[in-house]
Amino acid sequence: MVYARAFRVSTVQRFAELAAASNYSFLRGASHPAEMVWQAHALGLTGIGIADRNTVAGVVKAHIAWRDLGGEQSGLRLAVGARLVFADDTPDVIAYPATRHGWGRLTRLLTLGNRRAAKGNCTLFLTDLIDHAEDLLLIVMGRDKGTLESLSAARPGAVWLAATMQRDGADERHLIEAKRLSEETGVPLIAINDALYARPEARPLHDVLTCIREGVTIQGAGRRLLVNAERHLKSPAEMARLFRNCPQAIAATTDLLPRITFTLDDLRYEYPHEPVPEGWEPQAWLEQLVREGGGVLFPDGLPSAYQRVLDEEFALIRTCNYACYFLTVHDIVRYARSLNPPILCQGRGSAANSLVCYFLGITPIDPVREKLLFSRFLSEERNEPPDIDVDFEHERREEVMQYIYRRYGRERAGIAATVIHYRPRSTLREVGKALGLTEDVTSRLASTIWGNWGDDVPESRVAEAGFDIANPTIARLKTLVDRLLAFPRHLSQHVGGFVLTQGRLDEMVPIHNAAMPDRTFIEWDKDDIDALA
Amino acid sequence: MTNANSMRRRYLAIWLPFLSADRLRAQDPERRTAGSPPEAPLAFAVRVKGALRLAAVDAQARRLGIVPGLTLADARARQPDLVVADMDEDADRHWLDSLAQHCLVWTPLVAVVPPDGITLDIAGVEHLFGGEAALAEQIEECFSKMGAMIRFATAATPEAAQALARHSFFPPEDERQAIHALPVAALGLDDTAALALRRAGLKTIGDVAARPAAAIAARFGAQAVTALRRLMGEERAPIEPLTNPVPLHFERRFAEPVGHKESIAACFAELLREAAIALAERDLGGRGFVLTLFRSDGERHRLEIETGLPTRDPALVLRLFDERIAALADPLDPGFGYDSITLLVPLAEPLTANQLGFDGEGKAETELAELVNRLSVRMGADSLRRLVPRDNYIPEQAQLALPAIHHPAPVRWPAPPEGEPPLRPLFLFDPPQPVEVIAEVPDGPPHRFRWRRKLHEVRLYEGPERIAAEWWRRKGGEHPGQGGLTRDYYRVEDVRGRRYWIFRHGLYGEKPDPRWYMHGLFA
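These protein sequence lines are chains A and B, in that order.
The opening position of the first sequence corresponds to residue 5 in this note's numbering, with each subsequent residue numbered one higher.
The opening position of the second sequence corresponds to residue 123 in this note's numbering, with each subsequent residue numbered one higher.
Worth flagging that the hints you see were computed from the coordinates, not collected in a lab.
Possibly wrong hints are sitting among the right ones.
Here's a subset of chain A near chain B, in silico, CB distances under 10 Å, partners left out [to be verified]:
| # | residue |
| --- | --- |
| 1 | G173 |
| 2 | L230 |
| 3 | A244 |
| 4 | A340 |
| 5 | R341 |
| 6 | L343 |
The structure displayed is predicted, hence computed values, not measured ones.
Note that the Cβ used here is the ideal one computed from N, Cα and C, for glycine as well.
All chains, full assembly: derive it from the sequences and hints.
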C-alpha cells in the first residue's frame, strides 16, 4: 500500500533540451532528426538543440522539420550544432554556433578532424576546439576541471557545465559535486537530459543498436546496454521537477538559446567567380558567350524565331539569377573539349530544351527546330535551380573531377554526400545477429521477403519462407527491422554531384575524406542542399 | 584369437549418431520427460564464441530439421517446443568408454573413436559367434538394451569400417564398390580441405582415388593421401586398443585382521606417503582420494574426499579424511577386523614442484583453499559456495553461488567508487519482502515504512536508482508497455542508523498501484 501526495507545479516551465542526438549519431541515436523536433514541439519545450557526434549531417533535416512546423511561429526554437567527441581524455563538448561566423568555425573544426582521420572517423583534440572556439557556445558534458578552465579562458561567458539526472542512485551526490565545480570554476550549470531518442518506447531499438555497435547479442550484452530508458525527451514540467534543487540550471537553457542568432537559413550560397572574367557581370557574360555560339551556328544572322526564344530565355535567367549555373557548366564542358584528345561529353535530359544550352554547346539538339519547350526546363514558378545533366566519357571522368578541384581548390569544391540507408538484407542480418539468430535463418528471410518487397512484409510471404509469423522471435525481428530500415547508416559520396562555392566550402559544411584517395565529400546530400540554397 | 601374422583383417565399426541424447535418456529418464511431452525433440547446447549453438540432437529433432551447428535461438525459432540440455562432453565420453568396455565381451581388441565411435578388431573371432552377420546382430541387440542406437559396418581397415558406418546407408554387396562410393567427407579432413576437394569436382572417394597420388598430396596435403590409402586398404594401421590405465592404487593386506584404530591409522599414513611419492614421480597432484577398508566378513567401508586444488601432501589429505570420518553418521566399526586397506587416487591433475613454492600471497590462497577443502569435505561440496559476479543489471541475477570447491581461483569484483557508500547491500533477500511505504508520487523516496510489523522513520536516503526490466526476455517485450516493470531502488537510513535497500516495483506510469519491497540490508 502506498500513501502518496502529488507534486504540484504552479507555473508554466520553460526548458530547452540542448543535448539531443539523432540517428545521425550512427548506432547511438535512435530517432530521426525530424522525430526529435516533432516530439520537442509536442512536449511544449521552449527549444531543442540537435547535436550529433562529430557531424552536422542531420541538422538540415531537423531544420526542414522545424520549418514545416512553422519555424519561428511554432513556439519552438531550434539550435543546430555538434557534439564534439575527442581523441584525448577531454569529455564531450556540445558546440552551438551563435553566428554565421561561428558556424564556419564549427565546420572548419569538423573538417580538420575529418581530414586527419580515415574515412568515417574524426580525430579532434581540445587544442583544436580552443583554436576554433570563436562565436561558439559550449556545453561541457563531463565534470572535468581542466577542460572547464581551459575553455572558460578561451571563451569567457560562453561555457556551461552539464548537469544530468541519470537516475543511477547517486543523482544528488553528482549534483552537489557539479555545483561545487561550478563555483570553483565560475562556469554555470545547465540542465541536460542527454536524449538519445524521442520517446521511451525506443529503448528496445536503442538496445539493438548498441548490440550491433558492440558486436554482441542482446542476451550477452550485459551492462553494455543502458540500465534504464531515461534518455528520452522530457517535458519542461518533468525537467523542472527533477532539477527542483537547482532551478538555475533549468533557467540556463533559456538563457543560452537567445544568444544564438544563427539559423541554417543564413547559409547563402554564393557562386564561384571563376567562370566569369574580370570586369563582366555573370548575366552579361552569359549573353556574350551565347551570342558568340549562336554566331557560329548562324553566320548569316539569327532567324527571328530564334531571337525571340533567346530573349525569353535571357529574361527568365536574369530574373531568377541563374546565369552562373550555365556558366559553370559551360566552363567544365569547354575544358573537357579543349583537351587533346577531347573528352566526350554531352548534355541530356531537360537541358536539351534550352536554346542557351544549345548555343553554349552543352547540348547537341536545336530546341527550336525540334519544337521543345523551354518551360519544361526552367520556369519562374518552379523556383528550382536548373538541373543541367552532362554525361562525361566514363573512363575520363576522373580528369574532369581533378580539373574542378584544381580550378576551384579543394577548399571550395566538394562532392555532395549520399546518405546510405539501411537496406533490407543487411538490416535483417544485423538485427538478426543481435537477437541471436544465425546467418542461415536471416539470409533465408532476406532473400525471399524483404529483399523484394521493400518495407512492408505481407505475412503470407513470411509463411512461404517456412517461418511462422506468430513465432515471437520472428515477430520481434520484423518489428525491429521495419523500424531500422529507414535509418541512415553512413555517408558516402554522391556519384558526380559537385558543390562549388565562392567562399570556403568548409565554412559552410564539414568535409570528409572519401574512401578513394584524393577525394573528399561534404556532409549534406542533394536534398539537404536543395532545401537550403 | 587374432593371429598377428594373419593377412586377413576384419574390423567392425560402431557409430552412435545420437550419443548425447541416448546417454541422457539412459542415465536420467525422468529429466527428459519432466514438464515436456515425451515426443518433444531434444537438443544439446554449448557456448561457442559467445553464442549458444547446438552440439548434438536426438533422432526426433533431426527429423524436424534441427541439426548441430544451428544457434539455439535459430532452433527455437523453428521449433518452439524444443527441449534443451547442456552438452556434457565428459559424461558422453565416460558413457562411450563404458560401452566400449562392454565390447570386450566379443574381442579383446576394442578401440574408442572419439567422440562417438567404437571399433572392434574381429579378425579370427567371428566364428565364435556364428559368423560376422550374427555377431553384428548380437552387438546391435546388446547396445539397444543399453539404450544406444547404433549404425555399424565391417571392412578390411578400421578407417573404412568407420567411414562405411557413418556414410553409407545399406550393407554393401561389394565392399570395394561401397568404399569408392563414399563421399569425400569420409576422409576426415578439415573443413577447408573438404571444401577444396568439392570445388575441384571430387565428390566421392572413387573420384579421389582415380587421381594420381602426387597430385592429391600436392594440392591437399600428405594427410589426405594417407587417409585415402587407409580407406582403400593400401595402408594398414592397427587400432589402439583400450588399455585400462594403471590407476594410482595402493594396497596393504594383513595376515591377521586388524581392528586397532592406531594400527589402521599408521597403515593409512604409510599408504599416503607411498601415494605422494608416486604422484611426485609423475608430477601429479590428487584431487580425489578414495579409501576402502575391507572387513574380514566381507563388508566394505568406503570413504571419499575431494580437494579444490591438486595436492600430494599426506598431512593435508589425512586431515581431510579425519574430517570425513568425524562427519560420518555412524562411527567406523571394524567388526572382527580389516583384512586389507586400499587407497585409490581416481582424479589427478598436473602439479609441478614450483607450483608448491609459497610466497606471501600464495600462502594465503593455499590456506583458503585448505579451509574450503575441509569444510566441503565435512559438509558436502554443494554446501559451501562462493559468489561469482555476472554481467547483469538485475540485482538478484548479478551473481551466482557456485560450489567453492569447483571454483578455487580468486574472483574479480567490480570495485565501488572511492569515498562513496556502497551501491549494493551485503545481504539480499530472496524473494524480496513486501513492505508498506509512504512516499511522494511519482518518484519520491520512502518517508516511512512498515517492515515485519515495525514502523521505521527514514532520516536519510539516496536514489532512485532506476533499473529497467530485461525486455528481451518477455514475449512481445519490444512493444511499449510489455517490457516488464521498472524498479526504482532507494538506499535509506532510518533514525536508528540502519540502512535498507527498498524498491518500488513499477513506475506509476507502468502500473496503477505499484508495490514496494525490501530487497536487502546494508552492513
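Inset, instruction - If any of the earlier hints don't hold here, list their numbers in rising order. - result: Numbers 3, 4, 5 and 6, in rising order.
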